[in-house]
Structure formats: C-alpha cells, structure tokens
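Which chain is which? The protein sequence lines are A and B, in order.
Under numbering that gives the first Met the number 0, the first residue of the first sequence carries the number 0, and numbering increases by one thereafter.
Under numbering that gives the first Met the number 0, the first residue of the second sequence carries the number 0, and numbering increases by one thereafter.
Be a bit skeptical, because a hint or two may be false.
[Unchecked claim] Within a straight-line C-alpha distance of at most 25 Å, the following computed DSS-like cross-link-like pairs (lysine-lysine) qualify:
#1 B:K76 <-> A:K262
#2 A:K6 <-> B:K6
#3 A:K342 <-> A:K262
#4 B:K76 <-> B:K229
[Stated by the list, open to error] Partial pick of chain A residues on the chain B-facing surface, computed with a CB cut under 10 Å:
#5 L10
#6 I14
#7 N152
#8 K155
#9 D238
#10 S240
#11 R243
#12 S253
#13 T255
#14 D256
#15 E260
#16 P275
#17 T276
Hint data in this document are derived by calculation from the structure and do not stem from the laboratory.
Just so you know, even glycine gets a beta-carbon here, dropped at the ideal spot from N, CA and C.
Each chain is listed here by its residues.
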Amino acid sequence: MNLEKLKTTTLIILIVISAVLTYFLWTFQPNYEQLHNLETVEKVTLADERPLNEVFVPIQLFYHAEEEHKGMYNQNEFAPFYELLLDARFDNFATHSLNNQLNHLIAGNESIQFVYADGISMEVFHQLFDFSREKPVLSHVERIVLFEQERGNRVKTFAWFVSNKTNSYIEAEIQNQTFQAYKDLFEQRKENFLDVEEIKLGSKRIPLFFPKKEMTVHKQQAYPVPIPELDLTRALFPDPSLVRESYQEEDVRSYTDGSRELKLYLQAHYLTYINPTRRGEHSNFHEESPILQTHRFINSHGGFTESFIFFGAAEQTENKTQVDYRLSFKGHPAFDARITQMKVIWQEREVFEYERATETISDSISIQDSETVTLLSAEQLLDVLKQSSLIHENEIDNITLGYTASKYDDYIVFAPNWYICFNGRWEVVLTEKDG
Amino acid sequence: MDWSRTKTIFIVTFFVLDLFLGFQLYQKQSNNQFEYISESSVKIEDQLENAGIAYPELPEAPKSLPHVIGETYTFSKDEIASVSSDDLMVTVSEDHVILHAAFIDPKKTLGAEAESKSVVASHALFHDEYVFSEYLSEKRKELVFIQTYEGRPIFQREDSPTGQIVVQLNSDEDISGFTQTYLETSEEGSEQEILTPIKAINQLFNNKKLKNQDEITHIELGYYSLIEGKVQVLAPTWFIEVNESRHYYVNAINGLIDDPNIEPIIETGDDAA
Chain A
0 MNLEKLKTTT
10 LIILIVISAV
20 LTYFLWTFQP
30 NYEQLHNLET
40 VEKVTLADER
50 PLNEVFVPIQ
60 LFYHAEEEHK
70 GMYNQNEFAP
80 FYELLLDARF
90 DNFATHSLNN
100 QLNHLIAGNE
110 SIQFVYADGI
120 SMEVFHQLFD
130 FSREKPVLSH
140 VERIVLFEQE
150 RGNRVKTFAW
160 FVSNKTNSYI
170 EAEIQNQTFQ
180 AYKDLFEQRK
190 ENFLDVEEIK
200 LGSKRIPLFF
210 PKKEMTVHKQ
220 QAYPVPIPEL
230 DLTRALFPDP
240 SLVRESYQEE
250 DVRSYTDGSR
260 ELKLYLQAHY
270 LTYINPTRRG
280 EHSNFHEESP
290 ILQTHRFINS
300 HGGFTESFIF
310 FGAAEQTENK
320 TQVDYRLSFK
330 GHPAFDARIT
340 QMKVIWQERE
350 VFEYERATET
360 ISDSISIQDS
370 ETVTLLSAEQ
380 LLDVLKQSSL
390 IHENEIDNIT
400 LGYTASKYDD
410 YIVFAPNWYI
420 CFNGRWEVVL
430 TEKDG
Chain B
0 MDWSRTKTIF
10 IVTFFVLDLF
20 LGFQLYQKQS
30 NNQFEYISES
40 SVKIEDQLEN
50 AGIAYPELPE
60 APKSLPHVIG
70 ETYTFSKDEI
80 ASVSSDDLMV
90 TVSEDHVILH
100 AAFIDPKKTL
110 GAEAESKSVV
120 ASHALFHDEY
130 VFSEYLSEKR
140 KELVFIQTYE
150 GRPIFQREDS
160 PTGQIVVQLN
170 SDEDISGFTQ
180 TYLETSEEGS
190 EQEILTPIKA
200 INQLFNNKKL
210 KNQDEITHIE
220 LGYYSLIEGK
230 VQVLAPTWFI
240 EVNESRHYYV
250 NAINGLIDDP
260 NIEPIIETGD
270 DAA
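Could you build the full structure based on these sequences and the hints that come with them?
Right, dumping it as structure tokens:
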C-alpha cells in the first residue's frame, strides 16, 4: 500500500514537473537587456533611391546591317533594348586587343551597339548584368556590341565589352538570348530609328555615326523649384542635431557638423559639400570602384532627385576620382545649367567634394516651346568641324544629341543641340548661324 | 484494470517526457546565451608589441563625452580696455574678434617660452583657459597657446587663427606683443561613447599610419573641428604624436583620422555662376 502511495506521489510530481517545463518552454524568452530611451536619428532623403540600371544607361543605340546603319539617341525610346540586355546571362569571357576589330565586326556582321557617355569599369557590369562566376576585369568600357556568329557548327550570340581607351575588348557569350530577339525588337521599332552614316572622325578604332539628314526638334521649358534647406542639411549630415550654421556671406550660407561643410550658394542655386579630412600618405590596396561608391553615396541621401545618368569618370591626383552624373531630359542628356550636373570627387573610401543644384524639376510640367531648332546633317557637321580651329577632328570620342539648358528667372529652356566629346569634355557644336 | 501497473507505465513515460522537456529547455537557453565579446585590448597591445610599436602610459579617458560648440567671441570695449595699460597698446579687428596687443617696449626674455607664459598670464583675457601648444608653436615658429574646454585642449588646424593666443617675437627674440581670439563654448547633443586611447592608436595601426618600430610620444584627449567658421562643432578627438615628428587627430567618436603630415593640394571650386 505504501508503495502505491509513493508511486502516486511520484506520478503527481512528474506530471507537475512536465507541466512546469512545458510552460517554461512555451514562454521562453532570452534574457536580453532592454534598450531604454533609444534615440534614433530620423533619416531624411531628398528622393527615392535609383538602382544601378537606371543610372548606368547608354546614350545611343545603333543597329548595323549590311549597307544599312540606323541610330537612336533617345534613351526612353531604346529603353526596351537595354532592358532586354539587362536580362542577358553572360559566360565564356575572353579578353582581346581591339585594334581594328570593331570596324571589321560592324562591316561583316549584323550587330547592335550600345554606347555609353564614358568608360565604365567592368566592376559595375558585374553588378548590372548576370555574369557567370567569372569576374573579367577591364577598366574603361565605353560600348557593348551584340552580334551572332557560327562557331563550332552552332550559331551563338556574343557580346563585346569594348574599351577604346585601353585598346581592348572582352568577348562574352550570351547564354539565354538570341540575336534574333534584338532584331525582332528592332523590326517593331524601326520607324523610330534615324538613318545614320559613318563619319570619319576621331579614333580610327571606333567608328562614329551621325544622322544623314537634318532634324527639326522643339525646344522645351521646365520650372524648377528649390529643395528646402532643412531637407538638404538633414539628408547630407549623419547627425543633424550637431549641424550648425557656421558662416554667412551675402549669398553663401555654410553649415558644419565639425567634420564636413555644406555651402549653399543662394543666388546661383547650388551647393558644395566638402569633407576636408586630410588623408596623408596613400595606401594602394584595392578599393571598390569609385563609380560604384559615388552611386551609393548619392543614393544614401536620395541625391538622384532627377533622372541623372552616369556621364563620366576621371582620375585625379591624390587617389581622387571625379564622377559626373548628368540630367537626362526627355531621354537626352542636358548640359550647361547647374541643374543638369552632379559632380562627386571621391577619395579612397569617402566623398571629398560633392557639387549639385539645390533645385529640382522632378515635379515640373514641361512645356513644348513653339520654337524649333534644325539640327545639322552629317555632311553639315563635317563642314562645321573642319572650319573650327578649336576642335581637332582626331580627338573626338563621341557625338550625341543633347539639350542646352539655359536658366531664366523662374524657368529653364532646353534647346536641342549636337554635343561632341573631345579630350573628355563635352562641347556644343555651334554653327555659324548660332554664332 | 491493473491500476498499479498503469501508474508505473505513466511514471516511466512522464519521467522520459520530463527528461526530454528539460533537455529542450536547456538547449534553448544555451543557444540564446551570447557571450560578451571580450574587450580586445589585450589583442591590440599584442599586435602593437609584435610590430615593435612603443607607447607611453596611456591617459585615463571618460567613457563618454558630448560635442562642444565653439562660437567666435566678440570682445567688448570694457574687456579691450582692461587689457591695455601704460606699456601695452591694444587694438581690435573691425569685427572685434581679434585682439592685438603690442608692448611699447618689447620684453627682454631669457627663455621665450617661459616668458610668454607669464605674459599670457598677466595680460591676456581668460588666460587660465589657454595652454601652451608645443605642436603649433613648432609648426608655425611662433609661441602659440590654444584654448581649453574643461581642461581639455581645443586643437586647431595649423593655419587656423581661432581660439588661441599667439605671442610675437621681434628680430631680437624679445616679446613684442600678442594676438588673441576666443571661442565661447557650450556642450551640445548627447554624450557619446569615447574610444579608449589604445583603440585610437589601433585606428592608426589599422589604417597603416604606424610603421614597425614607431614610438607614440604623446597622446592627449581634446576637441577638434575640421571646419573653420564663426561657429565650430568640436568633436572629442585624440591627438597622437609619433616619433616626435608625425601628428594625427583621431576622432574619438567615429575613429576618423585627420592626417596633416602631408599638406593637401588646395583646390578651389568654381565661383558662383
């Protein structure tokens, strides 16, 4: 009998223990310290982030076939081609010398050519495109050319990442697309393409194309609005509570947090943001491409207030790189007025200087001006360039259709013009009529 | 029904169940137990020792400090008058922020540094808030005193005229006068955690600013701003001297290093359009 009592008690105890254990298991919470009065800094950004594929876009598209060259200068119009390219999967990379290869390729194959405003490091393409595990390296890719060719009894689609500056190209095989897909797209949009012809200018390694006929394009107008000063200080400084107005002159107002200085030019509607930290001796270990770092820096404060696109990168002394982003207005790069450009000088892992407009036209309506501009044909362009003493024909790297932005009191006029790039600078092509 | 057997079976079952639940609970608890990452100062010290880097006894540092705002002070007429005396002529800049004092008869000195300290102590305004800066004095070949905040120096860039007293010597090495600027200081923002001195040295080491066999000859906590202006936002900063020749400022909050040892090329931006 005693044994039975003992058993009963043991059973009850075991049942209670199991209930307790179950309860603890059910309600278990790690014993972490609680955060008290956590102060958070509300992050202010000027605009939404823009991914790489919206910023690193070509400025021209050419379709080359036998005896036929077609071109497109409006990014909005050739966007479907670029979207298709962004879906491509690349493999089997091989690097070659460029020499005269691109001319041969265009002459002997049907091909499609995407032209960027300036050379982009292959590191950017690693993130932009779907590459196989390989990470090919090339520092200055200015164009991507697609074509198909029969190799080993199979027709394959290839892409060339062409760098005129380094006289080399990387060939890659496109695994998941055929050239026919691009041709189909071209056939659908053929009417939007212009007839272009090769003009014998610039480097002999890179053929330049230009419309055969004159074009008439309307001027446009847009209305900028200022970006609030408070938003700028909050977006650019990591801890806005430390920011103080440090200096004021007639039309310049400065803010600082002790490490960086923001100068607002009130009349000219632009700002400079300077990080004067002295870096001393330079380390040479490999850093991520400055182009990618500047893109991340601008996104960190929502600096892509307009549809800015990558437009150039130039190395400077002391490990600095200047990266330029340019406003794409109605599918064309815009020049001149402050609002058209953002400049970032990057040094090692940090921004050194950042310059941009303090106005935006992102919400502005744009009005088509009744005034039109007649743009030069290829023949006329050659005549103009031959007469110009300032431009050396063999130094021309690129020619594109852009808008010249002129700021008036409360509006900006965008006038279409041809722009040429020589010695890394973009200049408008002025005809005698323009002065 | 054999109630006794049933109880035995239940006892065994619950015993096994309790063991299982207990084990589960133990596992859950041990999985969620994070060990505190031990302060890696020992490692830093070892690293420095391996590299043959020597350092002096490290100063005590508070756990946290706030930023300090320094606003350029405008000297009042009374203050200016209080400095001037029969043998000292005092003028001020147009905006009353720089005070110039010139001795009518330059003071003969045996040791310029000691004499300058006595000149500052007896003639300058707020003189007990300034300390002699060996670094700036050597850099600028002048006798420079920098301002302090709660006993900690407010370091200034080499070309800065802010928050300091500069004692001038004539060609005979006699003290001819001094200029003074002053910052009105106040604390700003919340206190933030401060890098310990060994971590500040480690910042230099990790950023390849220290070479093997280097010697840290001086380390001091103060305040520093990279930006000149009427208002300065001063961050707690470690000033570190290496081999009595190289100098670094290490921001004690975010670890950023200002390296003045090679002067940058001064670039001018475009003027306002």
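Hint check results:
no.: 1; hint: B:K76 <-> A:K262; verdict: violated (33 Å)
no.: 2; hint: A:K6 <-> B:K6; verdict: holds (7 Å)
no.: 3; hint: A:K342 <-> A:K262; verdict: holds (15 Å)
no.: 4; hint: B:K76 <-> B:K229; verdict: holds (20 Å)
no.: 5; hint: L10; verdict: holds (5 Å)
no.: 6; hint: I14; verdict: holds (6 Å)
no.: 7; hint: N152; verdict: violated (55 Å)
no.: 8; hint: K155; verdict: violated (47 Å)
no.: 9; hint: D238; verdict: holds (7 Å)
no.: 10; hint: S240; verdict: holds (5 Å)
no.: 11; hint: R243; verdict: holds (5 Å)
no.: 12; hint: S253; verdict: holds (6 Å)
no.: 13; hint: T255; verdict: holds (4 Å)
no.: 14; hint: D256; verdict: holds (5 Å)
no.: 15; hint: E260; verdict: holds (5 Å)
no.: 16; hint: P275; verdict: holds (5 Å)
no.: 17; hint: T276; verdict: holds (5 Å)
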